[in-house]
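Under my numbering, read the sequence shown as residues 9 to 526, first letter to last.
Please note that a few of the clues may not be correct.
Distance ranges between label pairs, derived from CB positions [to be verified]: (1) P235 with G99: 50 to 56 Å; (2) P154 with L494: 27 to 33 Å; (3) P154 with P134: 26 to 32 Å; (4) G99 with Q380: 49 to 55 Å; (5) V35 with M137: 34 to 40 Å; (6) A401 with D332: 39 to 45 Å; (7) E31 with R522: 44 to 50 Å.
Simulated crosslink set (EDC-like; lysine to aspartate or glutamate; CA at most 16 Å straight-line) [what the hints assert, rightly or not]: (8) K362 with D384; (9) K238 with D210; (10) K403 with D210.
Quick caveat, the hints were computed from the structure, so don't treat them as lab data. No residue lacks a Cβ here, since even glycine has one placed at the ideal position from N, Cα and C.
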Amino acid sequence: MRLAPATARRVGSGGADEDVPLEHVNVGDQLRVRPGERVPVDGVVVSGESGVDESMVTGESVPVHKQQGDRVVGGTVNGAGGFVMRAERVGADTLLARIVQTVATAQRSRAPVQRLADRVSAVFVPAVMVVAVLAFAAWAVAGPEPRIAHGFVAAVAVLIIACPCALGLATPMSIMVASGKGATSGVLFRNAEAIELAGQMDTLVVDKTGTLTQGRPEVVSVSSLEPYSKNEVLQFGASVERASEHPLAGAIIRGAEAQGLSLVVPSHFVSITGQGVTAEIGGRSVGVGNAELMQRLGASDAHLTQAADERRRNGDTVVFVAIDGRAAGLIAMADPIKTTAAEAIRALHAEGLKLVMLTGDNRTTAEAVARQLGIDDVRAEVSPSEKAAVIRALKGAGARVAMAGDGINDAPALATADVGIAMGSGTDIAMESAGVTLVKGDLRGIVRARRLSRATMSNIRQNLALAFVYNAIGVPIAAGVLYPALGLVLSPMIAAAAMSLSSVSVIVNALRLRHARI
């Protein structure tokens, strides 16, 4: 929480700068960030450039170059350059504030493994009461004088040394440390259950767009059929997509704007899940989507289908455009594969995970991407509802399934999987449906999450073992089993010190997670 600066330097309308408390910064304000300062809130660079240390949210120590149009995150550290940014998220909406809230929620949650400690405690506490009564009775009957006093001392020592503090701390301490460790490594766990399950998965299902690829496709070519020109196809397609939230819609709009085409506000807009969108543009009915939508509109064309297949073999994504029920053309877009995707896939394979690509995109395009990354199992042309069905089928076959995705259409599958993993660069609904969020959408975070999960569960088992060992040794000694042979009686003060030492040992062991290699 201390990573957020207390003040921000706001650029006034006259160009003068003024320092204002962070809570007085509003969306749209222009803020100056000088060398060495922390970025005050989330926003976009409007002028200047610099290298920004984003290790706070990504775990990567290499500064990221920022220039006009790039997004910056509040709490990250500016390097040697300076820039002016426009505030877009302030207060509780900033990424830092959301990370704090997520970590706090995870630290308060209970992991399934906690049930083991609960079951043990349900038996352990009554058992200790019985041992204390028996110790008192044994000393009162057979102990040295004063027998009653010795009996009381033994009973009290048993109750003190057996206080199950260490048992109660064993799981929450590890979860608390692991949640913070994950946050500083770019991995946010929504709750303790996600921490536990992340290390148990054996099958990882990944979406393509925005997960394996950058999620920012760009138009690379446009084809048209008579009587329409390429610009008309692009213009009509972009006008319809103005009302859509899909990443491809943004690409088409950017492509049209780059050509200087004017866009029209669509009416009667309809989104058809898994197929595309339709709308009216200037009194003309326009459809933009895949081959299924074209068949639905009666606008299929063999020539366009052949041209689309050629583009897909290069890994491009293609959408068709129909105007007034007739095929008008197609728009091909390329979505570059993330620079870290290949490294992440290799690391996941090395972890022994089975990888499955699950995408609504065309099979030819999906297989081209899969070949580049070394993914063997490809399920393409899958609708959002079918994605969840595929997850259920994998789980039904005995697999422990994690699903990684970033879009609204991935939310049902994320919720269905044993562990849902959302890309932090994706939509809020995807992150709400997932147990794990990768802050910067870097798939290498899955490897870190898996390793941290395993280290955490190992740490919890060590904590539980420490708690049990202390009690297994301490309770009999407190009861007086060493008195007949060694004449040793355990003082309640020594018992209290031993009980405290057991709690301290659990805490110290849990804190070792901060230095775990993930």
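Violated hints, by number in ascending order, as checked against the structure:
2, 4, 5, 7 and 9
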